[in-house]
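With chain A held as given, fit chain P onto it using these hints.
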Amino acid sequence: MASMTKEAFSLLVEQYEHLVYTICFQLVRDAAAAEDLTQETFLSAYLHRDAIPTGYERQWLGRIAANKAKDHLQSAWSRRAVLPGDEALAAGLSPPAEELALSGLGEADIRAAIEALREPYRPVCRLCLLEERSPEEAALALGRPVKTIHTQLARGKRLLRERLEGREQHGDLP
Amino acid sequence: MEIFREDGHLTEEALAALAQGAALEETARLELAEHLAFCDRCLQRYTELLAETPLLTPGRSCRESLWARVRARTLRLVTNRYAAAAAAVALALTMVWGSRGIELPQRIVLPRPSISQELRTWPAKWNDSLDGAVSGLNDFLNGRETPVQGGMDS
Numbered sequence: 001m002a003s004m005t006k007e008a009f010s011l012l013v014e015q016y017e018h019l020v021y022t023i024c025f026q027l028v029r030d031a032a033a034a035e036d037l038t039q040e041t042f043l044s045a046y047l048h049r050d051a052i053p054t055g056y057e058r059q060w061l062g063r064i065a066a067n068k069a070k071d072h073l074q075s076a077w078s079r080r081a082v083l084p085g086d087e088a089l090a091a092g093l094s095p096p097a098e099e100l101a102l103s104g105l106g107e108a109d110i111r112a113a114i115e116a117l118r119e120p121y122r123p124v125c126r127l128c129l130l131e132e133r134s135p136e137e138a139a140l141a142l143g144r145p146v147k148t149i150h151t152q153l154a155r156g157k158r159l160l161r162e163r164l165e166g167r168e169q170h171g172d173l174p
Numbered sequence: 001m002e003i004f005r006e007d008g009h010l011t012e013e014a015l016a017a018l019a020q021g022a023a024l025e026e027t028a029r030l031e032l033a034e035h036l037a038f039c040d041r042c043l044q045r046y047t048e049l050l051a052e053t054p055l056l057t058p059g060r061s062c063r064e065s066l067w068a069r070v071r072a073r074t075l076r077l078v079t080n081r082y083a084a085a086a087a088a089v090a091l092a093l094t095m096v097w098g099s100r101g102i103e104l105p106q107r108i109v110l111p112r113p114s115i116s117q118e119l120r121t122w123p124a125k126w127n128d129s130l131d132g133a134v135s136g137l138n139d140f141l142n143g144r145e146t147p148v149q150g151g152m153d154s
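As they're listed, the protein sequences go chains A and P. Everything in the first sequence is counted per my numbering, starting at 1 for the first residue and increasing by one. Everything in the second sequence is counted per my numbering, starting at 1 for the first residue and increasing by one.
Simulated from the structure, these hints should not be mistaken for laboratory data. Even glycine gets a Cβ: it sits at the ideal position worked out from N, Cα and C. Be a bit skeptical, because a hint or two may be false.
A few chain A positions that, by computed beta-carbon distances, are all more than 12 Å from chain P [said to hold, decoys possible]:
#	residue
1	S3
2	E14
3	E35
4	T38
5	E40
6	I52
7	A65
8	K68
9	L130
Computed from the model, here is a short list of chain P residues facing chain A with C-beta under 10 Å [claimed, not checked]:
#	residue
10	G8
11	G21
12	E26
13	A33
14	T57
15	R81
16	L91
Pulled out of the complex, with its shape left as it was, chain A reads as follows (with noise of 0.2 Å):
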């Protein structure tokens, strides 16, 4: 594969640069993001531009802009789900919240809440909680990144905390 020159990439950029803003755009939902998201998209595809698949640059642009916007969104996402009573337990003196709840219950408990999640958690809890598999194998079984399935399961866990606390509340699982 050859290398791409500057004027080469000069042109890919004039080319996909309004693809590549909106993709960023309706993901994260911020002009000003977008735009430094956009920056970020062809910064990365200029320094692995000798990787450009010649006939896919579309397609790879793409996959670079939905995983710059996913980490802004993980990022974002993770620095406001605290949930109320986090805040109080000291880092790594208390297990986590979602594995307390998980502990007190019985295999039958889980297994219901479990399969009442819905896509993309379902499958990951299933894997990690209830056949206890490692991150690793359950990346294999899906065919998904490790650390994609490294964060469904810490949302899964969450999802599956907030639905056991609600079935403490109302009796049942909602």
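Below, chain P alone, put in the same frame as chain A:
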């Protein structure tokens, strides 16, 4: 609105909503981005939908600032390499001179020579000093500690 089908891929409804610019919730957008970041099939479906709709125009184009960032990044990489090399040299010199300073002999005060004498003897002293430094480095690397007198001041 369902984001995912039972087979784990994105629903037509979710992709259409995204491509048409519908105001989706943040969690839904995060799940969509996560999936599009690794799924070739759904990314293909999404970009095909985008090909049928007018694309958005950024308020400021990234073309000019992109090359400025590329240059800044290249400069930073080069600077970091030089800084690392300089730090390695400084560390090596510190180790050499530090090891030689462990057993310093008692300082002997000699009458100070004139400047012309000093200049005449300077090349020889420099050679002695260099020999001393190399010898000290060899001793240090061989694990021996011998008091070596070196340097330019005698």
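Structure-based check of each hint:
no. : hint : in the structure
1   : S3   : holds, 14 Å
2   : E14  : violated, 7 Å
3   : E35  : violated, 5 Å
4   : T38  : violated, 5 Å
5   : E40  : violated, 9 Å
6   : I52  : holds, 15 Å
7   : A65  : violated, 9 Å
8   : K68  : violated, 9 Å
9   : L130 : holds, 18 Å
10  : G8   : holds, 6 Å
11  : G21  : holds, 6 Å
12  : E26  : holds, 7 Å
13  : A33  : holds, 4 Å
14  : T57  : holds, 6 Å
15  : R81  : violated, 16 Å
16  : L91  : violated, 30 Å
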